[in-house]
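Novice: Here is how the chains run, residue by residue.
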Amino acid sequence: MLKINDLHVYYGAIHALKGINLEVHEGEIVTLIGANGAGKTTTLHTISGLIRPKEGNIVFEGNDITKMAPQKIVARGLSQVPEGRRVFANLSVRKNLELGAYLEKNRKVVSHHMEQVFQSFPRLKEREKQTAGTLSGGEQQMLAMGRALMNRPKLMVLDEPSMGLAPLLVKDIFAIIKRINEEGTTILLVEQNASMALSIASRAYVLETGKVVLSGPSAELAKSEAIKKAYLGG
Amino acid sequence: METLIAQILNGLSLGSIYALIALGYTMVYGIIQLINFAHGEILMIGAYVGYFSVAVLGLNIYMALLLSMFVSSLVGVLIERIAYKPLRKSGRLSVLITAIGMSLLLQNGGLIVFGTDFVPFPQVIERIPYRLFGGRFVVTSHQILIFAVSILMMLLLQYIVGYTKIGMAMRAVSYDKEAASLMGINVDNVISFTFVIGSSLGAVAGVLLGLYYQTIHPLMGFMPGLKAFVAAVLGGIGVIPGAMLGGFLLGIIEALVSGYWSTTYKDPVVFVVLIVILIVKPTGLLGKNTSEKV
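Just so you know, the sequences run in chain order A and B.
Under this note's numbering, think of the first position of the first sequence as 84, with each following residue one higher.
Under this note's numbering, think of the first position of the second sequence as 14, with each following residue one higher.
Certain hints may be false.
As the list claims (entries may be wrong) - The list that follows gives simulated cross-link-like pairs (lysine to aspartate or glutamate, DMTMM-like), each with its CA atoms no further than 25 Å apart:
id: 1; chain 1: A; residue 1: Lys150; chain 2: B; residue 2: Asp201
id: 2; chain 1: B; residue 1: Lys102; chain 2: A; residue 2: Glu166
id: 3; chain 1: A; residue 1: Lys212; chain 2: B; residue 2: Asp189
id: 4; chain 1: A; residue 1: Lys86; chain 2: A; residue 2: Glu138
id: 5; chain 1: B; residue 1: Lys301; chain 2: A; residue 2: Asp147
id: 6; chain 1: A; residue 1: Lys137; chain 2: A; residue 2: Glu166
id: 7; chain 1: A; residue 1: Lys178; chain 2: B; residue 2: Asp201
id: 8; chain 1: B; residue 1: Lys178; chain 2: A; residue 2: Glu138
id: 9; chain 1: B; residue 1: Lys190; chain 2: B; residue 2: Asp201
id: 10; chain 1: A; residue 1: Lys208; chain 2: A; residue 2: Glu198
id: 11; chain 1: A; residue 1: Lys188; chain 2: B; residue 2: Glu191
id: 12; chain 1: A; residue 1: Lys155; chain 2: B; residue 2: Asp189
id: 13; chain 1: B; residue 1: Lys190; chain 2: A; residue 2: Glu111
id: 14; chain 1: A; residue 1: Lys155; chain 2: B; residue 2: Glu15
id: 15; chain 1: A; residue 1: Lys101; chain 2: A; residue 2: Glu266
id: 16; chain 1: A; residue 1: Lys150; chain 2: A; residue 2: Glu166
id: 17; chain 1: A; residue 1: Lys188; chain 2: B; residue 2: Asp189
id: 18; chain 1: A; residue 1: Lys86; chain 2: B; residue 2: Glu191
id: 19; chain 1: B; residue 1: Lys190; chain 2: A; residue 2: Glu187
id: 20; chain 1: A; residue 1: Lys155; chain 2: A; residue 2: Glu187
In short, the hints are calculated from the structure, not lab data.
What you are looking at is a predicted structure, and each value in this text was computed from that prediction instead of being measured.
Hey, can you work out the whole structure from these sequences and the hints?
Specialist: Here it is, written out as structure tokens:
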């Protein structure tokens with residue numbers, strides 16, 4: 084479904100991604116783990132068209148999306164839940180969700196999607212008229228995910244959904260991600276919380292200073308000594 | 014008491030023009046955090062298009078307004094695409110200096126194209142004085158037209174920003190451009206649309222200024238532009254109701270100073286008021302610290 088070939092990204096003189104290869108198949112949860120500064124967010128930004136790579140290409144469902152504008156990539160069914168949630172704090176929960184369905188012209192379809200998002204996230208329904216800035220961190224994360232779901236993505240890319248959340252909430256968020264996947268959305272998940280990510284993903288890639296250093300089925304990686312030492316605190 | 018009310022009525026019509034110009038500044042600031050110093054020149058171009066529409070093409074005032082809105086929008090969007098867009102990722106100072114350069118370019122271009130003379134603006138509607146309360150106050154048909162057109166434009170703006178899809182996109186872009194593009198919003202188009210709206214309001218203000226002062230000139234945009242910028246800052250830059258409040262306040266202050274003291278002092282007083290308000294409340298009257306922009 085998504086195939087990244089030999090991706091090189093620079094920030095000025097800094098070589099941030101040094102030839103990333105990555106693949107996500109339909110129906111999977113794939114996770115990309117690694118330390119701070121490894122290039123996880125850069126990879127996701129490049130996928131969504133927010134950053135242009137110097138070399139390499141990104142193919143989504145057989146189409147080259149490497150040079151496509153962000154809004155066109157969203158239109159193809161690839162939505163991102165950005166790091167730090169990035170909800171529109173000045174707008175109501177409802178307006179945030181409406182913005183998630185910005186490309187859908189039919190109002191009936193939009194309200195149908197909203198009903199479904201409210202079913203998945205009853206908390207958002209309760210807070211429908213509140214401005215997003217007044218929500219708690221966990222609720223904002225739900226809103227960011229609900230907003231992305233409004234676009235009915237085929238592939239949902241999540242950047243550090245557990246960041247800054249209490250352990251109990253992290254569990255909830257991962258359960259929701261799993262459910263979204265079971266309902267038919269393919270997931271690419273970037274996480275620092277490696278043990279949680281490996282527990283729900285079928286495959287994983289480990290990123291270190293702009294390179295994929297390890298990849299394979301999550302269960303195997305979770306057992307690997309190198310991973311345990313570096314990321315799982317064992 | 015009668016002078017007071019008469020001056021307030023004067024101030025309201027001039028203030029409504031300032032408010033329209035200030036809205037242009039504040040909209041553009043809200044979306045790309047740029048003080049568009051060329052906005053006064055957009056207004057001047059609008060006034061000249063209005064003049065040609067009436068004097069040469071023989072259109073009525075409403076058609077003239079529409080045509081000048083159209084031409085000014087075009088110029089506004091061109092300026093944004095040519096001069097500001099390439100600098101969007103550079104520092105704010107570079108764009109600001111570019112805006113000042115654009116303003117000078119258009120002023121001097123105007124002097125070359127339109128000449129250096131003041132041009133009498135055609136009196137498109139008959140100047141009828143209406144006497145109110147047994148003739149104690151006089152309101153002219155011009156004042157009413159200026160006030161009515163300005164209020165109509167402001168209502169239209171509130172509707173677009175508050176209740177339409179593109180308005181919602183503007184608010185999203187002003188808050189977070191990257192997040193907005195992840196929603197599928199074409200950020201460049203939304204920015205252009207903001208320039209269309211700001212420039213249209215500027216064009217209307219230009220034509221109304223022509224009606225108000227009865228002459229137009231290539232440098233006519235400079236002082237009202239500066240005043241409206243003051244108005245926008247006074248009300249809280251980036252805040253729409255703030256620009257309206259600031260505009261009306263400024264118009265009324267000017268009228269009162271002119272009426273009770275001397276027209277010589279109206280400009281210094283305006284700037285003193287700005288300084289005082291910025292000392293007391295640096296974000297402007299309606300500005301918030303975590304400002305909701307656009």
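Novice: Does each hint hold? Answer for all of them.
Specialist: Each hint tested on the structure:
{"no.": "1", "hint": "A:Lys150 x B:Asp201", "verdict": "holds, 16 Å"}
{"no.": "2", "hint": "B:Lys102 x A:Glu166", "verdict": "holds, 21 Å"}
{"no.": "3", "hint": "A:Lys212 x B:Asp189", "verdict": "holds, 20 Å"}
{"no.": "4", "hint": "A:Lys86 x A:Glu138", "verdict": "holds, 14 Å"}
{"no.": "5", "hint": "B:Lys301 x A:Asp147", "verdict": "violated, 44 Å"}
{"no.": "6", "hint": "A:Lys137 x A:Glu166", "verdict": "holds, 23 Å"}
{"no.": "7", "hint": "A:Lys178 x B:Asp201", "verdict": "holds, 21 Å"}
{"no.": "8", "hint": "B:Lys178 x A:Glu138", "verdict": "violated, 37 Å"}
{"no.": "9", "hint": "B:Lys190 x B:Asp201", "verdict": "holds, 10 Å"}
{"no.": "10", "hint": "A:Lys208 x A:Glu198", "verdict": "holds, 9 Å"}
{"no.": "11", "hint": "A:Lys188 x B:Glu191", "verdict": "holds, 22 Å"}
{"no.": "12", "hint": "A:Lys155 x B:Asp189", "verdict": "holds, 18 Å"}
{"no.": "13", "hint": "B:Lys190 x A:Glu111", "verdict": "violated, 30 Å"}
{"no.": "14", "hint": "A:Lys155 x B:Glu15", "verdict": "violated, 62 Å"}
{"no.": "15", "hint": "A:Lys101 x A:Glu266", "verdict": "violated, 34 Å"}
{"no.": "16", "hint": "A:Lys150 x A:Glu166", "verdict": "holds, 22 Å"}
{"no.": "17", "hint": "A:Lys188 x B:Asp189", "verdict": "holds, 22 Å"}
{"no.": "18", "hint": "A:Lys86 x B:Glu191", "verdict": "holds, 23 Å"}
{"no.": "19", "hint": "B:Lys190 x A:Glu187", "verdict": "holds, 20 Å"}
{"no.": "20", "hint": "A:Lys155 x A:Glu187", "verdict": "holds, 13 Å"}
Hint violations for this structure: numbers 5, 8, 13, 14, 15, all remaining hints satisfied.
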